[in-house]
Amino acid sequence: MKLFDVYPLFDVNIVRGKGCRVWDDKDQEYLDLYGGHAVISVGHCHPYYTKKVTEQLNKIGFYSNSVINRLQTELAQRLGSICGYDDYQLFLINSGAEANENALKLASFTNGRTRVLAADSAFHGRTSLAVEVTCNPRIIAPINANGHTTFLELNNLAAWEKELANGDVCAVILECIQGVGGIQMASKEFAQGLATACKKYGTILICDEIQCGYGRTGKFFAHQWLGIKPDIITVAKGIANGFPMGAVLISPDFRPVYGQLGTTFGGNHLACAAALAVLDIFEKENLVENARQTGEYLMQQLKELNHSAVKDVRGRGLMIGVELNIPHKEIRQKLVYEQHCFTGCAKTNILRLLPPLCLTKAEADEFITKLKKVL
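Quick note on our numbering: the sequence shown kicks off at 1 and runs consecutively.
To be clear, the hints were calculated from the coordinates, so they are not data collected in a lab. Some clues are possibly wrong.
Here are the simulated BS3-like cross-link-like pairs (lysine-lysine), alpha carbons at most 27 Å apart as the crow flies [claimed, not checked]:
#1 284 x 329
#2 303 x 26
#3 188 x 303
Here are the computed distance ranges between Cβ atoms for each label pair [as the list claims (entries may be wrong)]:
#4 255 x 325: 49 to 55 Å
#5 188 x 120: 27 to 33 Å
#6 255 x 373: 31 to 37 Å
#7 138 x 188: 18 to 24 Å
#8 74 x 308: 51 to 57 Å
It should be emphasised that the depicted structure is a prediction, and the values quoted were computed from it without experimental measurement. Ideal placement from N, C-alpha and C gives every residue a C-beta, glycine not left out.
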């Protein structure tokens, strides 16, 4: 048997990591400005994280959600306190797609509607409902094309208000900073107007914080920069620093119903131990503030490159897009094979920077040096 070949791969076999660096099987070191696609929040192989996960594995790694798991309760309390949503409810699953899938189902269960508004260039996942609200026809199979979603231009408030006024919209799902969409940012005026319109017409507002949340922008959630409070928040990626985990934060206005939502692996003992370790490190090492400060520094250095190949630099915290006047493919390949540095990408011409939140200014300078050489 061979692997189903769906990923374009760099010819690099990564075997270990530490902080913002990884090494391949030839012991070549790489600077990681990609963070495993925004997943590595506290750094690769953080010693405290490794210790807490190992300790839990030596106790029990998994039991089903048919029994009490005190780690789930502890995680809900800690997360609520740290992110400012201590009155919300927490549903734990395994991934970002599952988080959005369950958020949309919960919205529809609540108001009985079936129509969803999402933004042009949005990416919310690859499972049934999540892919239907993703603005990419290439990954929507015929079986998923059920016509539930209307895609609208980000920041065109009038267009969204017009659709909401029909009174038939179940939910709005929004990335306050689009990741796959190229680090496009919702404006404060748009977000606040949208939240007001959702409340007026009985539509549930879902903020997808899977990539832009969990401290990445310098606040715990990206929507907190915009002064809105969604009904449902979805998270994943950085929540457990690489252990598969996702979550839905649900307003106290929603009442749970036995059997309505469920999961086999979600919120297992090992996942919760990993997520609690991440929150411990966030607090001990002030990583959310570091993301803000180091991100601002890196953004400024990128803007000062003043290179003809760089069209725009945008983002917030350690979620940064470098829009190029040329395709990103060759630039990324040279960064990997010549400068030994990983970055992400979006569309055809955007470098997407999603490093661990422990990135230092010295490492930011190192990246700038590498990028200059390639450009």
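Hint check:
1. Distance check on the hinted pair: residue 284 and residue 329 sit about 38 Å apart at the alpha-carbon level, beyond 27 Å; violated.
2. Our distance criterion of 27 Å between C-alpha atoms is broken by residue 303 and residue 26, whose separation comes to about 35 Å.
3. Restraint check for residue 188 and residue 303: satisfied, since their Cα atoms lie roughly 23 Å apart, inside the 27 Å limit.
4. Look at residue 255 against residue 325: about 52 Å separates their beta carbons, and that is inside 49 to 55 Å.
5. At about 19 Å, the beta-carbon gap between residue 188 and residue 120 misses the expected band of 27 to 33 Å.
6. With their beta carbons about 57 Å apart, residue 255 and residue 373 fall outside the hinted range of 31 to 37 Å.
7. Under the hint 18 to 24 Å, the C-beta atoms of residue 138 and residue 188, about 32 Å apart, miss the expected range.
8. Checked against the hint of 51 to 57 Å, the pair residue 74 and residue 308 passes, with Cβ atoms roughly 53 Å apart.
In the structure shown, a violation is registered for the earlier hints numbered 1, 2, 5, 6 and 7, in ascending order.
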